[in-house]
Amino acid sequence: MATTMLTTVERLDKPSAYYLGRNKKRKFDRDRDERESKDRREEEPADPLKDATTLYVGNLSFYTTEEQIHELFAKCGEIKRLVMGLDRYQKTPCGFCFVEYYTHQDALDCMKYIGGTKLDERIIRTDLDPGFQEGRQYGRGKSGGQVRDEYRDEYDPGRGGFGRAVEMERIKEEEEYGRGR
Amino acid sequence: MADYERRPRGGRGFNSRKRRYRDDDEYDRRPQRRRYEEPLAVTLRKQILSIAESPVRKVEEDVSNIAKTLAANYFDTDITAGFLHLVVQMTIEQPLKIPFIAAVVLVLNPQKPEFAAEILKSIGHATQKHIEAGNWREVKLFLRFLACIQGLFEGNGVFALLEDLFSRAVDLQTASSEDSLGLELVKIILYTIAYTMASSATGLENDATQLLDKTDIIASTPHILENLVDPFYTGAGDEPSTTQSALELFQKHLQEEAKQAWELSCLPRPWKSVAGSDEEDPLASAQKHPFPTIVVPETLAIGPRSIYPDVYFSVYSDQDIETVPPASDITAFLVRDTLTDTINGLDFNRNATAKFLIEVDCYFAPNTFVRRATPFDKLRDLAGDRPTWKPEDVAVDAAFSQLFQLPAPEHKLVYYHSVLTEACKIAPAAIAPSLGRAIRFLYRSVEKLDLELAHRFLDWFAHHLSNFGFTWKWTEWVGDIDLPDVHPKKSFMSAALDKEIRLSFAQRIKGTLPEPYQALIPEAKAKDTPDFKYADDKTPFSSQGIQISQLIRRKAPDAEIAPLLQEIEQEAAAHNLDPLLASTDAYVTSICYVGSKSLSHVLSCIERCKDRLLSLGPASPAARRQIITSVMGYWTNQPGVGVNIVDKLLNYTILSPASVVEWALIDNVARGTILAKAYAYEMISVTMTKVTKRVRQIVEAMRRPGLPEEQMAMLQDTLERERGDMQRLFGMIEDCLVGVAEGSNDEVMESDDNTGGEEEARLVKRWGGRWMRVFQRRYAVEESWIREELAKPLPVPAEEPEAEEPEAEEQEKDEEVKMEDIEERGEKRVRRENPLVDTNGAMQGLESDGVE
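Chains A and B supply the protein sequences, listed in that same order. FYI, full-length UniProt numbering numbers position 174 of the first sequence as 174, with every residue one higher than the one before it. FYI, full-length UniProt numbering numbers position 762 of the second sequence as 762, with every residue one higher than the one before it.
A portion of the hints provided could be inaccurate.
Unchecked claim - Chain B stretches covered by chain A per the calculated footprint, using a threshold of three residues with CB under 8 Å from any CB of chain A:
#1 63-72
#2 328-336
#3 639-645
#4 697-711
What the hints assert, rightly or not - Derived Cβ-Cβ restraints for the label pairs, each shown as a range:
#5 A:Gln90 - B:Leu84: 56 to 62 Å
#6 B:Ala622 - A:Ile123: 45 to 51 Å
#7 A:Glu174 - B:Ala535: 42 to 48 Å
#8 B:Asp578 - A:Lys50: 16 to 22 Å
Hints were generated in silico from the structure; no laboratory data involved. We treat Cβ as the ideally placed atom computed from N, Cα and C, and that holds for glycine.
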């Protein structure tokens, strides 16, 4: 990055992973699906995000409604489109969405002012996104929800309890060894 | 963890921190990372960036160490280039540190005068560039830097430039009484004087006093627009506003300071210990430099931000113990000025902003404030004549001053929300009580606050609580629950709860409220799907209503629905009802009911039904307003959803802005009581924003360089038409409100015979006046923006954009503005909005999973 672009404090409206160097990348590389999304970005040239008006919004509760998202995100500008991420099989919200604004500036402002704040009492994550296209699918889990909800071993009532793969394991164990063991 | 402590290698070396958390790898087989010497340039950069941040380190020592390192490594271009760059950038991004960075340059000068000369040159360039661009905040900050190093200059240094600026200010002010740029220039001059007089330079008293004598006339004359930006509303019978021009007050304070030998006690003087050593003062004997050449152009640009006069606003002004410097103390202005510059300049990292706000005490003279997090009650016990100013209160106050800036702050309101949220996250124990007192002040003043500000308060309050588990001591307002609905306090409470619910859900919010408040959230609010009135067979046309909703649900073609609507119309006509209103009600209510699951659902219903909906407006204005009645009727318990749908219907041009205004301010004005409903304000406000934004986009399109003549002419026509429409709409709003504000509306008096009747009438009149003030201001601001923008010289085509932080305004200019009619534009939006609903009415959405 050119020195002229470097600010004295970090900017919050940069795409999350793309600008981070390799060294830093390792540190943040904690779980698999995060890595996947990074690999995806690495393959893309920087351009798709230059005028991005869409944001990926993550770590939503499964129960958060479009209206709630609208209420918060409209604080950064009129929303052109809001696409809820739905579970492939159950057609219910599975914890993420895309918010599209009319202008790039609104999207950047949203990164700066809303990303990392709370919605429905959960810290939400925003990331610039090249834009939603019909049929686009990433990081699918076996169960139809987000991959991160497959293997999560902490209980998260807002996102369906334990990770589904972990939950399956538990059920299997219970069947084999009896309840409560 | 315990046995980790015993490990021999822990705790030492620069990497120790990292290892502490890896307590499970007793035998870490990863190759040890090679010891890494950080390059000096990096270490130095860190030192400079964090200058003055630590309350335990002596900043004077850091200043002289940095200067020494710089001087000793003058040959290293990495270091020198890095510093040149940092000086410029930190001046803009971290203005609180200007006196400290300037001190580095002061101390550096005796050791390496040639480097000091380079720094001056680069500051001079930056100043010149920003003067030409009209970036007046940046100009002010660079002049502040130059003022702080006044001791380096030959002659009277910065004063010559200030004189130049002053003569431009005089020209501007004589040319027009509405000029505000002249005021801004005077403000720059005054703040520069303050920092110059606190610098190491001496013998400038005469220059300062002479200039102050001259600025007095401009600074002390009340500006025409001052009333426009007063945060308080003054109605008939109110005491006249006590709000004072910040500039006028500051001028007075400086004149006082001149009499007190320029004590300026709050400003830091980090160069002092160096200069004050018993040997010969190295600063005084060091080489002097000529002041950098900075030319002030004959005509000055207003720049990207419109300029309005500044008034001093504090949320802590009425306490029995001072927790912030009062407006009668110059400290209030000096601190506020840099804090607001910090807030507005650092919008790209709210965490950093919040951190600087909390550290405010580090950047001013020691003992300006009490210790951080001193509880309010303890202030009383503090000894005698020392100030009792709490750094937290000063920080929070500065953030609120921006949130409550009229006509509009520099950034989106939500930025200031986020700053307060982060500050509260970093230091909850210190900040939360300060916020509590601010909230209480605002709540007490809610009747007096400008209505737009009252709504900003409302919006912030609900949003803030949503970030902190919706906890608020509601018990302290219990006494206000029984106030009439038109009372501003009651209106605020109801609206705040409603906003909280919109960010959460009814049951959750109910759970945060003490018993007396439970009644404010009726059961009906908790229903996801409000009742469909036609399901009740007592409702007229209930059977048709049910059938229509079923047809809409299964996406039947309009041809199947039409006969039912006709049936309703015939029956209605037979009962002497307006046929079209009756059928529209059934149609729109059904759409709302079928689409009640989410915004996407209702949008998809509207999309399917839009031909019929679009034909209603031209057929009958009353039917068009019936659409709003039906939407708001269906969502009566969740008016926020209704307002959202109305907003989308405007995009589809199914509704017109005029129909929304008429609906709220004529059809449903209800003797003016609707003015106390937050949703009504929101509806009108959002609608007018749409209208004004449209006009702004046209103007911005006209400002694009290299536009062909015929396109320009076309835009000119469009602008004229749209501007006229905008004027008519604002006029219409005013006409509606004038009746309420003056109480000429006969019905107002007719209210029930209870004793509250008269009081209610008074309150309603006041709502009318407060609404009027908001929309008059908004119209004035829009018109002045258009005039200002069109008067600017056209930008030169094919300008290379500079590698700098893009201004929001510039960005907007780049936005593609379609030149079609507003109608076409509306349709365009609609198609792209294409909601994702599949054939079964279930949401299809993005059929997938993780993108994390």
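Tested hints:
1. Judged by the Cβ-Cβ criterion of 8 Å, the segment 63-72 of chain B is not covered by chain A as claimed, because only 0 of its residues qualify and three are needed.
2. Given as covered by chain A, the segment 328-336 of chain B fails the check, having 0 residues with a CB less than 8 Å from a CB of that chain where 3 are the minimum.
3. Residues of the segment 639-645 of chain B with a Cβ under 8 Å from some Cβ of chain A number 3, which satisfies the need for three, so the listed coverage holds.
4. Counting residues of the segment 697-711 of chain B whose beta carbon lies closer than 8 Å to any beta carbon of chain A gives 0, which falls below the threshold of three, so the coverage claim is violated.
5. Between glutamine 90 of chain A and leucine 84 of chain B the beta carbon distance is about 59 Å. The supplied range of 56 to 62 Å therefore holds.
6. Distance hint for alanine 622 of chain B and isoleucine 123 of chain A: a CB-CB separation of about 48 Å, consistent with the stated range 45 to 51 Å.
7. At about 45 Å, the CB distance of glutamate 174 of chain A to alanine 535 of chain B agrees with the hint of 42 to 48 Å.
8. Between aspartate 578 of chain B and lysine 50 of chain A, the C-beta spacing of about 53 Å breaks the proposed range 16 to 22 Å.
In the structure shown, a violation is registered for the earlier hints numbered 1, 2, 4 and 8, in ascending order.
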